[in-house]
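Could you put together the complete structure from these sequences and hints?
In the numbering used here, the protein residues as written are 19 to 246.
Don't read these hints as lab results, they were simulated from the structure. The structure displayed is predicted, hence computed values, not measured ones. Take these hints with a grain of salt, some might be off.
[Unchecked claim] When the alpha-carbon atoms are kept at most 25 Å apart in a straight line, the in silico PhoX-like pairs for lysine-lysine are as follows:
#1 Lys-210 to Lys-149
#2 Lys-45 to Lys-171
#3 Lys-119 to Lys-182
#4 Lys-183 to Lys-171
#5 Lys-119 to Lys-183
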Amino acid sequence: MTVIMLSLLLKIIIMFLFLYLVWRNLKDDYDEMKIVEFSWLCVLFFFFGGRMFYGFLNWGVWNESILDWFSFIKNPGFSYIGSYFFVLLGVFVFCWRVGWKVWNVLEDITPTVIFCFFLFLLVNCIFGFNKEEFYYLLILLLTFMLTLFWGSKYRSFYWYKSGKKGFLFLFSNMLTSLLFLFLVILGLFPSKLLILGLVFFLISLLGLFILGDVAGSLLVLKKKEDGK
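Given below as structure tokens:
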């Protein structure tokens, strides 16, 4: 029980770290009260989504009582994939409701989201090693490092002509999905997740192509080469 409580305490600290980092990253561009509302909504969607996704994916694991679905300590079980999808849903819904530009918000919070997901998984691996979560941990570590590296450089990419915000979000999702697919092919993740990873990869790739006006950049490059 001591281990469980310590793990829970660390996760609560990570949660408040997330709230602080989101506020710090958005405070110069948005109303602070709305930022607080937004960040707490993300936290709520994170826990609710991860729990519901796990329950439906493993239907029957908590059928004794409806309260089992919300008893994190007594009945463990959580899907980080599900929690991520629900956080994205929360971001889109909130931005639509208050009129924020969703790509700008996603750009600003992407490193924070990756970092906090990484910390959650790190706590899990420290207090109860799980091979699958360890692989997730490695994927997020690599994604986080590359996201930070390219964060200040992508606007200089010739093929990303528009320079619009949203690159970090789409790039990190594309990279994560690609690494995820690689581990599925190696048999380290369940094969039933192959389609999910592939769809997310293609959506992220298409998003980069459209948002960055890649087609226009390549067309200009081709015209320059033809004119030589």
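A quick look at each hint next to the structure:
| no. | hint | verdict |
| --- | --- | --- |
| 1 | Lys-210 to Lys-149 | 18 Å, holds |
| 2 | Lys-45 to Lys-171 | 23 Å, holds |
| 3 | Lys-119 to Lys-182 | 12 Å, holds |
| 4 | Lys-183 to Lys-171 | 12 Å, holds |
| 5 | Lys-119 to Lys-183 | 10 Å, holds |
The structure is consistent with each of the numbered hints, conforming to all of them.
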